[in-house]
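S.K.: Kindly produce the complete structure, drawing on both the sequences and the hints.
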Amino acid sequence: MNLLQSLGHVSLVSFAKLGRASLFFFALLRSFGYLVTRPHLIIKQLYAIGVLSFWLIIISGLFVGMVLGLQGVYTLSTFGAEASLGIMVAASLVRELGPVVSALLFAGRAGSALTAEIGLMKATEQLAGMEMMAIDPLKYILAPRFIAGFISLPLLALLFSSAGILGGHLAGVELLGVDTGSYWSQMQASIDFYDDIVNGIIKSIVFAILITWIALFEGYDAIPTSEGISRATTRTVVNSAFIILFFDFLLTAIMFGSH
Amino acid sequence: MISIRNLSFSRGARKIFDDISLDIMPNKITAIMGPSGTGKTTLLKLIGGQLTPDSGSIHVDEQNIHQLSRPHLYLLRQKMGMLFQSGALLSDMSVFDNIAFPIREHTQLPENIIRTVVLMKLNAVGLRGAADLMPSELSGGMARRVALARALALDPEMIMYDEPFTGQDPISLGVLVSLIQKLNQTLHLTSIIVSHDVQETAAIADYIYVLSEGKIAGQGTPEQLAQTDSEWVQQFMQGKADGPVPFHYPANAFSADLFHS
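Those sequence lines, one after another, are chains A and B.
Letter by letter, the first sequence follows residues 1 to 259 in our numbering.
Letter by letter, the second sequence follows residues 1 to 261 in our numbering.
The reader is advised that the hints may include incorrect statements.
Label-pair distances were calculated between CB atoms; the ranges are [to be verified]: (1) B:L133 with A:F32: 46 to 54 Å; (2) A:Q5 with B:S10: 20 to 28 Å; (3) A:K44 with B:I171: 36 to 44 Å; (4) B:Y249 with A:L245: 44 to 52 Å; (5) B:A203 with A:S6: 49 to 57 Å.
Source of the hints: derived by calculation from the structure; they are not laboratory data.
Virtual Cβ for every residue (Gly too), placed ideally from N, Cα, C.
M.R.: Here you go:
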């Protein structure tokens, strides 16, 4: 009986939270009109969320690409197919690693920061203060951050993939002596703009919406104490990671399942 | 200005207000007093429309706050200023921008007029020289005065003070007490002070409500309250350690606890 009760309790709490999160999402969408006349709010957040994540993404991308280059050469050389290294590196980055790894890094770097920032604003009554000044914090504080996240992550994912391709070149061509001509030409011949690159971008757009939504909602819904905020920040990173990987599977199945 | 009728509100199983009714007179300072945890701040949040009561009504300016649409509620809030206990200053803006913020959002005034208005508000609280500081550089008393200037930015008709005297050194305290009184007189504001600092509040309030356990335990002018025959109100107003509110939290007999391990 107790088990049933707590199971019921957990599901009720989760559904209530899901409901609040959905209402929150639609309220965010309705706030976009407010920002048309205030683009500076978005630009400021683009800097905080996007530009400040730049080096993390570039350097991680470079290393992931280099590892792909090394592993690729070792594996492909068993079949004498080192020349195809370019396809392997580019396809895995553009389709999978670019969107997924940059989303995971983004959740850790920008998502956690957003949750902590919003949670702290709630704890210090800055959000309530704004409401009493008749300024909707959803419009002024949360919506610009949502849009900035939505714009930043797909661009960061592209940068990640580009850095990774250069990293693969560095390791495979410069270090292990794969022919540079075949690296680039095979890549150019086999990577399809729509199938590979656009699908990758769609993935990172979906991840961007999910991560920013989770991060903002967790902050907004956090219990306004130091423990509450720390838990909310943890939940942002953990839940984002789960949801990214789950949606990656889902989207991959939809996009490439029919091939 | 504000009339509260048969208001009930609970948090979880705990009843915070149990069918209370009270009136806030225009152009007067009304104090809501009571021990910590009696829901004084909750009352301000109910008046500001941030919380919804379980039953009963709150009318501000003849309008039922909880039946207003969101845009109308926001319109009404422009007539209310609220001073939060923490100040609630926006930590990523300077003092100047904090006060200019509501003016910039709600009016189309050109920047030079906003500057004049902000400096006037800051001058009123004696902090014109601190315009360029960040909130993190202010002392607690200064932060509260800046928050007061910001609450006045849109020239509200009423202002709500949430524990304005808590945690202030004697000098800041004196400054705040006289500021609240002066502002109320010169700007013809309606002021609500929520506080448990009896001396300071009784010194400037025109009318006091004392809350306890969800009910109104006593009300009247400070003079009337000083002569009340309610023992509970007497204990609260004079800060006696023992009385109807016992010093000891309910427990077993002392000897029984000591010798029973």
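S.K.: Against this structure, judge whether each hint is valid.
M.R.: Hints, verified against the model:
The hint said 46 to 54 Å for the Cβ distance between L133 (chain B) and F32 (chain A), and at roughly 34 Å that hint is violated. Between Q5 (chain A) and S10 (chain B), the C-beta spacing of about 23 Å keeps the proposed range 20 to 28 Å intact. Here the CB-CB span from K44 (chain A) to I171 (chain B) is close to 38 Å, well matched to the stated 36 to 44 Å. Roughly 51 Å separates the CB atoms of Y249 (chain B) and L245 (chain A), a value that falls within the hinted 44 to 52 Å.
Under the hint 49 to 57 Å, the C-beta atoms of A203 (chain B) and S6 (chain A), about 53 Å apart, fit the expected range.
This entry does not satisfy hint 1, going by the numbered hints stated previously; all others are met.
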